[in-house]
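Q: Using the sequences and the hints, build the whole thing.
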Amino acid sequence: MNGEARERTGTIVKVAGPLVVAEGMSGARMFDVVKVSDKRLIGEIIELSGDLASIQVYEETGGIGTGEPVYQTGQPLSVELGPGLIESIYDGIQRPLDVIREMVGESITRGIEVPALNREKKWAFEPKAAAGDSVVEGDLLGEVQETTLVIHKILVPPGINGTIERIESGEFTVEETVCVIKNDDGTTHDLSMMQRWPVRKSRPYKEKLAPHIALTTGQRVLDTFFPVGKGGTACVPGPFGSGKTVVQHQLAKWADAEIIVYIGCGERGNEMTDVLLEFPELKDPRSGDPLMRRTVLIANTSNMPVAAREASVYTGITIAEYFRDMGYSVAVMADSTSRWAEAMREISGRLEEMPGEEGYPAYLGAKVAEFYERAGRVTCLGSDSREGAMSVIGAVSPPGGDLSDPVVQATLRVVKVFWSLEDKLAYKRHFPAISWLTSYSLYLENIETYLREEVAEDMPDLRSEAMRLLEEEAELEEIVRLVGIDALSPADRLTLEASRSIREDFLHQNAFHEVDTYTSMEKQYKMLHVILHFYHRAKDALEKGVPITTIETLPIRERIARAKYMAEDAADQIVALEDEIDKAIKDVLAEAA
Amino acid sequence: MLKEYSTITKISGPLILVEEVEGVKYEEIVEVKLPTGEIRRGRVLEVDRDKALVQIFEGTTGIDVTKSKVKFLGKGIELGLSMDMLGRVFDGLGRPIDKGPKIIPERRADINGAPLNPYARDYPNEFIQTGISAIDGLNTLVRGQKLPIFSGSGLPHNRVAAQIARQATVLGKEETFAVVFGAMGITFEEADFFISDFRRTGAIERAVLFINLADDPAVERLATPRMAFTAAEYLAFEKDTHVLVILTDMTNYCEALRQVSAARKEIPGRRGDPGYLYTDLATVYERAGRVMGKKGSITLIPILTMPEDDKTHPIPDLTGYITEGQVILTRPLHRKKVSPPIDVLPSLSRLKDKGIGPEKTREDHADVFNQLFAAYARGKEAQELAVILGEAALSDTDKLYLKFSAVFEERYVSQGEEENRTIEQTLDLGWELLSVFPRAELKRIREEYLDKYLTRFKKEETAAEPEKEAEMVAPT
Ligand SMILES: Nc1ncnc2c1ncn2[C@@H]1O[C@H](COP(=O)(O)OP(=O)(O)OP(=O)(O)O)[C@@H](O)[C@H]1O
Ligand SMILES: [Mg+2]
Chain A
0 MNGEARERTG
10 TIVKVAGPLV
20 VAEGMSGARM
30 FDVVKVSDKR
40 LIGEIIELSG
50 DLASIQVYEE
60 TGGIGTGEPV
70 YQTGQPLSVE
80 LGPGLIESIY
90 DGIQRPLDVI
100 REMVGESITR
110 GIEVPALNRE
120 KKWAFEPKAA
130 AGDSVVEGDL
140 LGEVQETTLV
150 IHKILVPPGI
160 NGTIERIESG
170 EFTVEETVCV
180 IKNDDGTTHD
190 LSMMQRWPVR
200 KSRPYKEKLA
210 PHIALTTGQR
220 VLDTFFPVGK
230 GGTACVPGPF
240 GSGKTVVQHQ
250 LAKWADAEII
260 VYIGCGERGN
270 EMTDVLLEFP
280 ELKDPRSGDP
290 LMRRTVLIAN
300 TSNMPVAARE
310 ASVYTGITIA
320 EYFRDMGYSV
330 AVMADSTSRW
340 AEAMREISGR
350 LEEMPGEEGY
360 PAYLGAKVAE
370 FYERAGRVTC
380 LGSDSREGAM
390 SVIGAVSPPG
400 GDLSDPVVQA
410 TLRVVKVFWS
420 LEDKLAYKRH
430 FPAISWLTSY
440 SLYLENIETY
450 LREEVAEDMP
460 DLRSEAMRLL
470 EEEAELEEIV
480 RLVGIDALSP
490 ADRLTLEASR
500 SIREDFLHQN
510 AFHEVDTYTS
520 MEKQYKMLHV
530 ILHFYHRAKD
540 ALEKGVPITT
550 IETLPIRERI
560 ARAKYMAEDA
570 ADQIVALEDE
580 IDKAIKDVLA
590 EAA
Chain B
0 MLKEYSTITK
10 ISGPLILVEE
20 VEGVKYEEIV
30 EVKLPTGEIR
40 RGRVLEVDRD
50 KALVQIFEGT
60 TGIDVTKSKV
70 KFLGKGIELG
80 LSMDMLGRVF
90 DGLGRPIDKG
100 PKIIPERRAD
110 INGAPLNPYA
120 RDYPNEFIQT
130 GISAIDGLNT
140 LVRGQKLPIF
150 SGSGLPHNRV
160 AAQIARQATV
170 LGKEETFAVV
180 FGAMGITFEE
190 ADFFISDFRR
200 TGAIERAVLF
210 INLADDPAVE
220 RLATPRMAFT
230 AAEYLAFEKD
240 THVLVILTDM
250 TNYCEALRQV
260 SAARKEIPGR
270 RGDPGYLYTD
280 LATVYERAGR
290 VMGKKGSITL
300 IPILTMPEDD
310 KTHPIPDLTG
320 YITEGQVILT
330 RPLHRKKVSP
340 PIDVLPSLSR
350 LKDKGIGPEK
360 TREDHADVFN
370 QLFAAYARGK
380 EAQELAVILG
390 EAALSDTDKL
400 YLKFSAVFEE
410 RYVSQGEEEN
420 RTIEQTLDLG
430 WELLSVFPRA
440 ELKRIREEYL
450 DKYLTRFKKE
460 ETAAEPEKEA
470 EMVAPT
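Those protein sequences? They're chains A and B, same order as listed.
Counting from 1, position 128 in the first sequence corresponds to residue 127 in numbering that gives the first Met the number 0; the numbering is continuous, with no gaps.
Counting from 1, position 439 in the second sequence corresponds to residue 438 in numbering that gives the first Met the number 0; the numbering is continuous, with no gaps.
Keep in mind the hints are simulated off the structure, nothing from the lab.
Here the structure is a predicted model, which is why all the values come from computation and not from measurement.
Do not take every clue at face value.
[As the list claims (entries may be wrong)] The following residues of chain B were derived to be distant from chain A, with all beta-carbon distances above 12 Å:
| no. | residue |
| --- | --- |
| 1 | M0 |
| 2 | L1 |
| 3 | S5 |
| 4 | K32 |
| 5 | E37 |
| 6 | R42 |
| 7 | G79 |
| 8 | G86 |
| 9 | D97 |
| 10 | T200 |
| 11 | G324 |
| 12 | L332 |
| 13 | E358 |
| 14 | E416 |
| 15 | T421 |
[What the hints assert, rightly or not] Per the computed footprint, the stretches of chain A lying under chain B, defined by three or more beta-carbons under 8 Å from a beta-carbon of chain B, are:
| no. | region |
| --- | --- |
| 16 | 11–18 |
| 17 | 55–63 |
| 18 | 76–86 |
| 19 | 95–107 |
| 20 | 553–565 |
[Unchecked claim] Okay, derived cross-link-like pairs now, DSS-like style, lysine-lysine, Cα gap no bigger than 25 Å in a straight line:
| no. | chain 1 | residue 1 | chain 2 | residue 2 |
| --- | --- | --- | --- | --- |
| 21 | A | K582 | B | K442 |
| 22 | B | K2 | B | K74 |
| 23 | B | K402 | A | K423 |
| 24 | B | K379 | A | K427 |
| 25 | A | K538 | B | K442 |
| 26 | B | K264 | A | K13 |
| 27 | B | K402 | B | K335 |
| 28 | B | K310 | B | K294 |
| 29 | B | K310 | A | K427 |
| 30 | A | K38 | B | K70 |
| 31 | A | K38 | B | K335 |
| 32 | B | K9 | B | K32 |
| 33 | A | K538 | A | K585 |
| 34 | A | K423 | B | K442 |
| 35 | B | K379 | B | K9 |
| 36 | B | K50 | A | K13 |
| 37 | B | K379 | A | K423 |
| 38 | B | K442 | A | K427 |
| 39 | B | K335 | A | K427 |
| 40 | A | K13 | B | K70 |
By construction, the Cβ of each residue, glycine as well, lies at the ideal position given by its N, Cα and C atoms.
A: This is the structure in structure tokens:
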């Protein structure tokens, strides 16, 4: 994985689960990678004291004992970045799981060393700069068409500024030199298409900007009610079975990002298989190409070593930053950040650190904040000042669904969007089970202009009105619970009817229905418009003396309910519903008169 | 010759500390020879310089610091594997207890297994017909799924599990399941119920049983589910068998884990449970599944009794976070003699979507279950309202839902232990019950299916509907 320097060795003095302590480790640095025992298990130094090093080991430590050697590599835990990332599936420390399966079969055996990027494969490198050009860090050197969906941009790595001495064109492996740059300080750099970056360090950019465009996801409750901005952060906490993973999968499928990095952190193996089988079949609604062609998967499932789970979120986010630097909009999903936090807790416990709340280390909050801070809309390095964005969406799995959980609390302190999943809604099979009363998005203001310009002038107003109806419904329901439906005025009952329609006909969205799974902003607007149109006309009719029960049983309601199943290209039919509503109301008015 | 140490310096709960040891490996198996000559087995939990902390499976009673001797065997705990295991009964550590002949293993395997590469998994998508409507129709089980039964003490979880084991088939295929049964800390009577049931149906011929009873050593239970999975993996992935693993009671397993953690004075996570409970359970449960290119599969049904019937207790909670759904049994239904007393609303099979539909069950399956759920949920809500305000306060539509939910529990959920319903029967029953609603209420069902199926079950439709509407407009 990393360069070797085997002469330096220490000796194991303690083994406790994923934690190994070695002595004779002078000269080692924090977060350096080591190889543990002659089985060569990969580990990382997480504490140094004198010549004792505490090492978290990324593989099972059964059978490892005192007296065995520890080899230093002198390198921090890093990822390989370059063509070949897209469509890959890696474990928490970027070992390619497909290659591992080919090598050793269905189980992951220990001590396997496989490069993350294929060393044999040749990529067509097309230069975009010429010899003699002076370049700065982040400037474009050339491009590789990695998949039909992704042009992989080869950039001047951070820290290099100078003049191009030589640049190639043609087919190269990731290790071959494609460009030579003479740095301003006189040093020369032979650059290949691959670079390494330590995962615990965020990649540099010029400037951070506030998100101002919505990351549309095709999920109505998210896009219309609680949108996340491109470059923003969101969290999805909820008890088991409430729909966190489905939300994350839906985002990975339908979010209008150019690159998706999906981190399966300590969750089920079958959920990764699901993605692996489904994504190559699903078509990107914009290009029609298989969604897998823009996706990188990190899978460190719950049965895989716990320390590698801790590393997996960093591996994922570093890869995402790398694509952000190319000027792409990248979306990262981490399912579940609670498993990451638990991995920290386990290691911290073995280190016998002072525990904070519920046994979590005292630095939990800092780690969570640091992680989400890596998100953002930025001006990338490079003289063209292009913009890139990385949005981060984390699932949180609080014990018993209890939001006072330390991980939830630490997360809510930093993220800007809260999608609150409620088991009550899930039991009723109201999916996505996102509570419209407790969820929030702090991006509404930032992206309002965008919505008015790109979707519809009155989109934000429709949202406000729908939200107001839903809030009123909650109050009215209290009353109904206490004194019964008969106590409500006809106007109140219409409010209930309208909000029911918003809930059932708009918010409810079946992820497994071929049409309903994705709704464009345009269709979302039309759907909500129709629902509110009915409300307005009905209100009118009510005031003119039509009984509420007539309105509550109008057959047109059923047509409105089915709007969600109308294909994207039949959106005109949704608009046509408004004429039918007018007609239906006219008829009942005539009857009432 | 392996070195023998007589340097036990400390005994605490299920743990012993051995000093002045050399070259001891983590997770290595240990043999302790008591002064009486009895041999106990243990496992290394931690090595720290020349000290080894060892967990004794059979408990530390009778072990002393002066005369007991300790040997480190240089390997992990293993189970000998052979097709001859079928039809046999073992203790919680894999030793035969049925007086049958000695088993000559084909090979021995470490009971911890190696983590399955997620890239090597195949997605479970073959419908298993259990013959129980509340499962088949609403919480469909598929081959390779892990679906626990959350229960409470005194509820008939064992009967439900036995019924599933008895009736489970994959449609169109005549293959039966082999059953691997792991019992942890259950009573003799409970174990005997399963064994007799397996005998009665002949299933015992295709079963492997690992039994750790309530009065057997608690720490031994930590090995039992791993024994069961090691046997199951052998049968499924080496011998092309479809295996159903039943583990009961996972609550006892977790308690044993907690006991060891407490003895080590570890900092507990939530509600006193070890912080690594999730990871530990995951390394057990995640061994279920299907593997690409292999014919066999492992379907897992762990049973656990929720302490105080509390679903948020760490044991059911963490289980739910790992498994692919849960079937919840509930006391109120049990009291109403609903059998099986499955609480439909909070129960869930997450893999159902891939296991149902045309060619698997029937095209209308997904829509019907969505509608049944929605209707039952609304009926339950109406019921709550009716409790506070009286039934008269309900709207006519809500009264309809209220009535529906009662009939649904009586006829759909309840079916008795001996009734084995086909999926067709289950789906048709769903339509029959739904047919009491006006068509406009059945919003979760596609028009085409309403046209095709509803008409078959809707009696006197033309007469019923206008009357209903008139009735609804009249009052106000
Ligand atoms: N939008 C949706 N449409 C239809 N069904 C849904 C939707 N969201 C969730 N579900 C249902 O809920 C089930 C559970 O969802 P999911 O697996 O996402 O839960 P989770 O919150 O990730 O649970 P865990 O914490 O245990 O991983 C799904 O298998 C599916 O049946
Ligand atoms: Mg999940």
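Q: Hints first: check each against the structure and report whether it holds.
A: Hints, one by one, checked against the model:
no.: 1; hint: M0; result: 19 Å, holds
no.: 2; hint: L1; result: 14 Å, holds
no.: 3; hint: S5; result: 20 Å, holds
no.: 4; hint: K32; result: 22 Å, holds
no.: 5; hint: E37; result: 27 Å, holds
no.: 6; hint: R42; result: 10 Å, violated
no.: 7; hint: G79; result: 19 Å, holds
no.: 8; hint: G86; result: 28 Å, holds
no.: 9; hint: D97; result: 31 Å, holds
no.: 10; hint: T200; result: 30 Å, holds
no.: 11; hint: G324; result: 7 Å, violated
no.: 12; hint: L332; result: 15 Å, holds
no.: 13; hint: E358; result: 16 Å, holds
no.: 14; hint: E416; result: 27 Å, holds
no.: 15; hint: T421; result: 24 Å, holds
no.: 16; hint: 11–18; result: holds (count 5)
no.: 17; hint: 55–63; result: holds (count 5)
no.: 18; hint: 76–86; result: violated (count 0)
no.: 19; hint: 95–107; result: holds (count 8)
no.: 20; hint: 553–565; result: holds (count 6)
no.: 21; hint: A/K582 / B/K442; result: 22 Å, holds
no.: 22; hint: B/K2 / B/K74; result: 14 Å, holds
no.: 23; hint: B/K402 / A/K423; result: 22 Å, holds
no.: 24; hint: B/K379 / A/K427; result: 10 Å, holds
no.: 25; hint: A/K538 / B/K442; result: 24 Å, holds
no.: 26; hint: B/K264 / A/K13; result: 18 Å, holds
no.: 27; hint: B/K402 / B/K335; result: 16 Å, holds
no.: 28; hint: B/K310 / B/K294; result: 36 Å, violated
no.: 29; hint: B/K310 / A/K427; result: 17 Å, holds
no.: 30; hint: A/K38 / B/K70; result: 24 Å, holds
no.: 31; hint: A/K38 / B/K335; result: 60 Å, violated
no.: 32; hint: B/K9 / B/K32; result: 16 Å, holds
no.: 33; hint: A/K538 / A/K585; result: 13 Å, holds
no.: 34; hint: A/K423 / B/K442; result: 21 Å, holds
no.: 35; hint: B/K379 / B/K9; result: 58 Å, violated
no.: 36; hint: B/K50 / A/K13; result: 9 Å, holds
no.: 37; hint: B/K379 / A/K423; result: 12 Å, holds
no.: 38; hint: B/K442 / A/K427; result: 14 Å, holds
no.: 39; hint: B/K335 / A/K427; result: 22 Å, holds
no.: 40; hint: A/K13 / B/K70; result: 19 Å, holds
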